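Undergrad: Read off the chains here:
Protein chains: 2
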Amino acid sequence: MKRRQFVGGLAAAAGVAACAKQENDCSADGATAQQTYQWSCVTSWPPRFPGLGMAPENLATRVEAASSGRLRIKVYGAGELVPAFEVFDAVSRGTVEMGHDASYYHKGKVDAAQFFTAIPFGMTNLELNAWLYYGGGMDLWRELYVPFDLVPIATGNTGVQMGGWFNKEINSVDDLKGLKMRIPGLGGEVLRRAGGTPVTLPGSEIFTALQTGAIDATEWVGPYNDTSFGLHKAARYYYYPGWQEPGPGLETIVNKDAWNSLPPDLQEIVSTTCQALTTDVAAEYTHGNAMSLQQLQEDPNVEIRPFPPEVLVLLRSITQEVVDELMADDPASRKIGRAYFDYLDKVSANSRISELAYFQTREF
Amino acid sequence: MKRRQFVGGLAAAAGVAACAKQENDCSADGATAQQTYQWSCVTSWPPRFPGLGMAPENLATRVEAASSGRLRIKVYGAGELVPAFEVFDAVSRGTVEMGHDASYYHKGKVDAAQFFTAIPFGMTNLELNAWLYYGGGMDLWRELYVPFDLVPIATGNTGVQMGGWFNKEINSVDDLKGLKMRIPGLGGEVLRRAGGTPVTLPGSEIFTALQTGAIDATEWVGPYNDTSFGLHKAARYYYYPGWQEPGPGLETIVNKDAWNSLPPDLQEIVSTTCQALTTDVAAEYTHGNAMSLQQLQEDPNVEIRPFPPEVLVLLRSITQEVVDELMADDPASRKIGRAYFDYLDKVSANSRISELAYFQTREF
Numbered sequence: 003m004k005r006r007q008f009v010g011g012l013a014a015a016a017g018v019a020a021c022a023k024q025e026n027d028c029s030a031d032g033a034t035a036q037q038t039y040q041w042s043c044v045t046s047w048p049p050r051f052p053g054l055g056m057a058p059e060n061l062a063t064r065v066e067a068a069s070s071g072r073l074r075i076k077v078y079g080a081g082e083l084v085p086a087f088e089v090f091d092a093v094s095r096g097t098v099e100m101g102h103d104a105s106y107y108h109k110g111k112v113d114a115a116q117f118f119t120a121i122p123f124g125m126t127n128l129e130l131n132a133w134l135y136y137g138g139g140m141d142l143w144r145e146l147y148v149p150f151d152l153v154p155i156a157t158g159n160t161g162v163q164m165g166g167w168f169n170k171e172i173n174s175v176d177d178l179k180g181l182k183m184r185i186p187g188l189g190g191e192v193l194r195r196a197g198g199t200p201v202t203l204p205g206s207e208i209f210t211a212l213q214t215g216a217i218d219a220t221e222w223v224g225p226y227n228d229t230s231f232g233l234h235k236a237a238r239y240y241y242y243p244g245w246q247e248p249g250p251g252l253e254t255i256v257n258k259d260a261w262n263s264l265p266p267d268l269q270e271i272v273s274t275t276c277q278a279l280t281t282d283v284a285a286e287y288t289h290g291n292a293m294s295l296q297q298l299q300e301d302p303n304v305e306i307r308p309f310p311p312e313v314l315v316l317l318r319s320i321t322q323e324v325v326d327e328l329m330a331d332d333p334a335s336r337k338i339g340r341a342y343f344d345y346l347d348k349v350s351a352n353s354r355i356s357e358l359a360y361f362q363t364r365e366f
Numbered sequence: 003m004k005r006r007q008f009v010g011g012l013a014a015a016a017g018v019a020a021c022a023k024q025e026n027d028c029s030a031d032g033a034t035a036q037q038t039y040q041w042s043c044v045t046s047w048p049p050r051f052p053g054l055g056m057a058p059e060n061l062a063t064r065v066e067a068a069s070s071g072r073l074r075i076k077v078y079g080a081g082e083l084v085p086a087f088e089v090f091d092a093v094s095r096g097t098v099e100m101g102h103d104a105s106y107y108h109k110g111k112v113d114a115a116q117f118f119t120a121i122p123f124g125m126t127n128l129e130l131n132a133w134l135y136y137g138g139g140m141d142l143w144r145e146l147y148v149p150f151d152l153v154p155i156a157t158g159n160t161g162v163q164m165g166g167w168f169n170k171e172i173n174s175v176d177d178l179k180g181l182k183m184r185i186p187g188l189g190g191e192v193l194r195r196a197g198g199t200p201v202t203l204p205g206s207e208i209f210t211a212l213q214t215g216a217i218d219a220t221e222w223v224g225p226y227n228d229t230s231f232g233l234h235k236a237a238r239y240y241y242y243p244g245w246q247e248p249g250p251g252l253e254t255i256v257n258k259d260a261w262n263s264l265p266p267d268l269q270e271i272v273s274t275t276c277q278a279l280t281t282d283v284a285a286e287y288t289h290g291n292a293m294s295l296q297q298l299q300e301d302p303n304v305e306i307r308p309f310p311p312e313v314l315v316l317l318r319s320i321t322q323e324v325v326d327e328l329m330a331d332d333p334a335s336r337k338i339g340r341a342y343f344d345y346l347d348k349v350s351a352n353s354r355i356s357e358l359a360y361f362q363t364r365e366f
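So the sequences go chain by chain: A and B.
Residue numbers for the first sequence follow my numbering, beginning at 3 and rising by one.
Residue numbers for the second sequence follow my numbering, beginning at 3 and rising by one.
Incorrect hints may appear among the rest.
[What the hints assert, rightly or not] Here are the simulated DMTMM-like pairs of lysine to aspartate or glutamate, each with C-alpha atoms no more than 20 Å apart in a straight line:
id: 1; chain 1: B; residue 1: K76; chain 2: B; residue 2: E59
id: 2; chain 1: B; residue 1: K348; chain 2: A; residue 2: E171
id: 3; chain 1: A; residue 1: K182; chain 2: A; residue 2: E171
id: 4; chain 1: B; residue 1: K258; chain 2: B; residue 2: E145
id: 5; chain 1: B; residue 1: K235; chain 2: B; residue 2: E305
id: 6; chain 1: B; residue 1: K337; chain 2: B; residue 2: D91
id: 7; chain 1: A; residue 1: K348; chain 2: B; residue 2: E305
id: 8; chain 1: A; residue 1: K348; chain 2: B; residue 2: D301
id: 9; chain 1: A; residue 1: K348; chain 2: B; residue 2: E365
id: 10; chain 1: A; residue 1: K111; chain 2: A; residue 2: D301
id: 11; chain 1: B; residue 1: K109; chain 2: B; residue 2: D91
id: 12; chain 1: A; residue 1: K109; chain 2: A; residue 2: D91
id: 13; chain 1: A; residue 1: K348; chain 2: B; residue 2: D332
id: 14; chain 1: A; residue 1: K111; chain 2: A; residue 2: E327
id: 15; chain 1: B; residue 1: K348; chain 2: A; residue 2: D332
id: 16; chain 1: B; residue 1: K348; chain 2: A; residue 2: E300
id: 17; chain 1: B; residue 1: K111; chain 2: B; residue 2: E327
id: 18; chain 1: B; residue 1: K348; chain 2: A; residue 2: E305
id: 19; chain 1: B; residue 1: K109; chain 2: B; residue 2: E327
[Unchecked claim] Here are a few chain B residues that sit away from chain A, every Cβ distance over 12 Å (derived from the structure):
id: 20; residue: A236
id: 21; residue: Y241
id: 22; residue: D282
id: 23; residue: E286
id: 24; residue: P333
id: 25; residue: D347
Just so you know, these hints were derived from the structure itself, not from any lab.
Note that the structure is predicted; figures quoted are calculated from it, not measured.
Glycine included, C-beta positions come from ideal geometry on N, C-alpha and C.
For reference, chain A alone in the conformation it holds in the complex (with noise of 0.2 Å):
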């Protein structure tokens, strides 16, 4: 907890500037609403990035307002004070009170944390939500945490992501084969095991690798972050439906000391003003994807097309070994994709019912 800083004395900003300076009038309770707390905020992303670099931002803003200045936040874009995905091990060491990233780059060091971002033909945003709110999920997130001296704290989701930009056609499951794409995660290993070679690149990098060739294909977010990193230029075809990540939750974590230090007021502003976000960012990707999806159906150089059946099949059916394998492997991840899975099966009966009906009633 080195940077953590308790700032005494700025507190004007929370309107009880005589009771700072008058300690001995102030009662216990007054001495902690009174204490000023400036946090960093590292994360995983392009600084103020559309939609997954502006959710801290957000954050940041909204928490400092709700709380009449008490709790400031500095967010740092990816590589300005930690790496990109060195965010987890940043806020667990204390280094900085706060982090945003996806947990399911923790891969490796805490692999069951991957339930809590997306699985492959898994849950979307509104689903997911309903298992961490009300169907357990957060228990197990924050249990899974604990060892790390993490709070997880789940904080915006970009909905249903595109299959991905491809320099050539898909048309059966043999042109997956050899087929260079970057693609993290599950969602690579499924690839792999589909005859094709997966590749991990950040996001600043895609465009050229995709453009000089270097790579034959790229998913990355959906219309709305392509565009901005300029993919339609770089590739003719535009895939769907995304099968990789249906509806990925990103997370805020806060350092177990930090978060202990917090009056329950901030706690609760913090929580809650991160709930508000997923609401935010989930109307700011669906807002974001029709605006640039439109720009890109006018664009006579892309062309937008279905997966074939037969490929979503495959993958489908490679995803199920890939998670078996997982479970099989590691006890949380075995507990985490039982309760993940159980939930899953009730919460697809109800989309068939209501979201899948009625989308497809609206295309009539």
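Keeping the supplied structure of chain A fixed, place chain B upon it in accordance with the hints.
TA: Coordinates of chain B only, in the frame set by chain A:
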């Protein structure tokens, strides 16, 4: 604003007791920060009713926690202070500071408000949020309520509602003729033009009306709320998809003077908590529906089945007529309706290749 009370001297809860006692030592800001507010919130729901009624209860609990008791809200169920459908008037007049209901209940007073709850064959939960928060919808909504001295804040969404419970099978459009069904709002008008007889009944009277045969059918919400009223014991057939309310948004309304009396931090706490509840209410419904659906699927006396496509096609085409007339007759509905349908065109194109395409794939 007769009922609003500014309670000074309770500032111990905010931890600034010393300031309260020594006003001369406190800055002007300090005096504001100490002020404690006691509000009343009237609602259209049975007290603590699952989902709908829990939203304002949770709002009150969380705002009190985030504000250290500086803003306390007492929630009243329908009929406890004012009848279910008089929430709008009570808050507009300033009899109470706050209300929680659905904007389509204001049909007749302000017809255009219906666009902010749900339109048959219109936007889903995620689509509506995109429009409200990023597509200009909230601005239109706030503008619409200015003459009524009301500030609207989106607070909760039930997700896709079900088509409803029926005492007989619906095999064709002929089966709608003469059908006496509890179905309010635009959906009711659509049914009327399809040959049925729409009836308006408060939730609490639906079960008996259905069981005694006073009505042949009813829609209410979905498995979660419908089973809590026991509707599955009063009718055999449960139809989907719900076409009439594809993602109804709920609203908090705040009297303008009450809103303006709050310092900026409390305004931020209220609006952020409302946005958090939009995630939370959807999660509660998705979870509750999934659990209750499982119970219905195991019930030998219940048949869950889709409407015939010809029925949905007819209802959709009548919906277009009804909405066109609404927009022709009322300038505010025309302005807001145009914005709504322009947005629906764009956002549904995105849902087609994301949410819909994904749900279909998961069914392979």
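Undergrad: To test your reading of the hints: which numbers does this structure violate?
TA: The structure conflicts with hints 2, 6, 10, 13, 15, 21, 22, 23 and 25, although it agrees with all the remaining ones.
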